[in-house]
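Assemble the whole structure, with the sequences as input and the hints as a guide.
Residue numbers (the working numbering), protein chains in the order written: chain D, 17 to 278; chain H, 922 to 1307.
If you're looking for bench data, these hints aren't it; they were derived computationally from the structure. None of the values given here were measured: they were computed from a predicted structure. No residue lacks a Cβ here, since even glycine has one placed at the ideal position from N, Cα and C. Mixed in with the good hints, there may be bad ones.
Said to hold, decoys possible - Taking beta-carbon pairs under 10 Å as the criterion, some of the chain H residues facing chain D (in silico): (1) 1042; (2) 1182; (3) 1187; (4) 1189.
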Amino acid sequence: MADDYILELDDVSKYFGTVIALQGVTLRLKRGEVHCLLGDNGAGKSTLIKTLAGVHQPSSGAYRVDGEQVRFNSPREALDRGIATVYQDLALVPLMSVARNFFAGREPRRKMFGVIPVIDMNYANETARDKLAEMGIRVRDASQPVGTMSGGERQCLAIARAIHFGAKVLILDEPTAALGVKQSCNVLKLIHNARERGISVIFITHNVHHAYPIADSFTLLNRGQSMGTFAKRDITKEEVLDMMAGGTEIQSLVDELEGRAA
Amino acid sequence: MSAINESVTNMIHSNRAKAPEEAASTDERVRKISPWRVLLDRPELGSIAGTVLVFVFFGIFAGGSGMFALDGVINWAQVAGYLGIIAVGACLLMIAGEFDLSMGSMIGFAGVMVAIPPMYLGWPLWASVIFAFVGSMALGALNGYLVVRTKLPSFIVTLAFMFILRGLTLVLSTGFANSTIVSGIGDKFTEDPVVSALFQGTTLHWLFSALAGMNLIEKLPSGDPVVAGLPKVLVWWIVMAVAAGFVLARTRFGNWIYTVGGDANAAKNVGVPVRRVKISLFVLTAFCACLFGVLQVADVGSAAADRGLQKEFEAIIAVVIGGTLLTGGFGSVIGACFGALIFGVVQIGISYTNIDSDWYRVFLGGMLLLAVLFNHYIRSRAAATK
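Pasting the structure below:
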C-alpha cells in the first residue's frame, strides 16, 4: 500500500534548540493528488515544507519518497528526486528576461564554431515561450524582463519552470498569497493543469477559499501538530475553516462586533 | 466591461495576423512595446548619448585645436584605454552586485611587484610579471573569499584592502628603492622581447606606415606617420572588452553573473554557485588592475607608490555612466567602455579648450549624477511593475 504514496512523512518532529517546530506530524501525498496544507501563521507550515524540500532534516521520524526512506542534505538532492519547491519569493530576478530566468542555473548550451560553449538563446526563448503558453500565458517575446510581468504570471513562470525541469512533486508555498482574485484563479487553474499531467502537488495556504475548490485532500496544522488529513468528500469548507485556528476566533469576533458577546 | 477588454485586446493583436484566441484574457494580454521603448531599455543608451554629447561639446569648443587629429585621438584614446581595462572588470563585478575599491591600490601594488624583483632581487622580468599577475589574482581571490565568507559588504572589505595595498606599496618602494618611485625598469622591458611585445609601446606599425604612405593619416616631414602605431593598451582594452562582453551576453557564466547580482538568494535557490561566481569576479578585477599596472610601468618605465590613485572611483563612475546599476543585476560592458571613453575625452579634451581644466572634476561629477538619475528611471520602469 505504501506504493500509493509518492511522498510520506511519518511521525516527523523537528526541533530548533528548545523550540518544537513540528511534533509527530504525518503527511501522506498520493500520486497525482493536490494536497492542501492549511494552517495559521506559526503553525509550522514553513518548517514542514523546508523539511520536504531538503532544507531541514527531521529531528525524528521517517521521510519516504516512493516508499524508500531518504535523508536529504540539501535542496539540490530533493530536486534531483523530482521534488521542486516554489517559494514565495519565486527565485526570479525581475531585471532579467523571461528566458534567462527560466533557465537560470540550468542554461541550455551549444558550441559556437564547434568549440566555445554558449547559451543556446534561441532554444531558451522558444522553450520558455512554449512552456508558458502551455500554462496559458502568452509571452510575445521571451527576452522581455520578468519585471514587466504581473504577480500571477511570475508565479506561473516559476511553476512552469519547476515542471519543465522534471518536477514529480510540486511544493507551492502560498502561491496565491499576494495575488488578486483573477490572478489567484489562474494559479489554481495551473495547479489543476499540473495534476492533469500526473504531477502531485502540495499546496500551502491559509486561504480555505483557494484551497477547497482545487484540493483532493487537506492536512491541517496547528501549533506544530497535525490535526489530521481529510479527503475532500469527508469534509465541508466550513468544517475546514472551523478547524483552522481562525474559525472559532473569527466567529467570536463577529459575535462581539455585532454585540452578541457572551 | 468584457466588451471593452475584448476591443482593447483586438487592438493589441490587430497587427499580428495569427493572434491565438486564448490570448484574449485581460490578465495575460500581450503588451506592445515600441522600438523606442526597447532602445530605452538598453543599459548602454545613457552612455552612448553622453558620448555623443561630449563629442559635440568638444567638437564645438576644441574642434580646431588638434584634439581630433590622429595624435590627439591616440592621446585621449589611451587615457580611455587604461580606464577601460579596469572598467571592464569593475563592470562584471558590479553587475554581480559587488564593488572592488582596492583596484586603484592594486594598480600601484602590481607595479612594485613587477619592478622590485628585477631591480633589487635579480629576477628576470618575465618572472616578476607572472609573479605580479599571480599575486594580484591571489589577493583578488582573498578579497572575494572574505566577502562571501563574512557576508560583509564588499564596500568595507575592499576599502580595507585599498588602504592595506596602498600602504604596502609605499612600504615596499621606500624599503627597496629608498624612494616612492622605483625607476630603471623601462630598460628591462625593452630587453625582454616577449614581455615587451605583450605590454610595451605600440603595434600595427605596418598599417600606420601604409596609411601614411597613402596619405590617409597625417605624417611627419620625414614621411613617417605622426603616430607610429596603435598603443598596446588599446589592443588590451579591445580584447578585454570583447571577451567580457561575450562572456556576459552569451555564456552560462554570464547568465550566472546577472542572476547573482539580481538576487543572490534566488540564484542560490536555482543552483547557481554564488560564491564561486563572486570570487572569480574579484579575481578578474584584480587581473584587470594588474594589467593596468604592468602596462603603465612598461609605458612610463617606472613604478610609483601613487600609481592608480582614485582609479577605483573612476572605474566605478565609468561603469555607472555605462548604465550598470549600483545594486547589480543589470548593466553592459559596452556601456562601461563608453563611460571610459567619456572620461578620456573629457580629461584630455578640456586642456584643448579655453576652459580651465579645474572644471574637469565638476564635469565628471555632473555626468555621474545625470547617469545615476537616468539609471534610476530605467530601473523603476523595469522592476516596479508588479
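Verification of the supplied hints:
1. With its C-beta approaching chain D no nearer than about 40 Å, residue 1042 of chain H sits outside the 10 Å limit, and its interface hint is violated.
2. Look at residue 1182 of chain H: its Cβ gets to within about 8 Å of chain D, closer than 10 Å, so that hint holds up.
3. The interface hint given for residue 1187 of chain H holds, since its Cβ lies 4 Å from the closest Cβ of chain D, which is under the 10 Å cut-off.
4. Against a cut-off of 10 Å between C-beta atoms, the interface hint on residue 1189 of chain H holds, since the closest Cβ of chain D lies about 8 Å away.
Of the hints listed earlier, the one the structure fails to meet is number 1.
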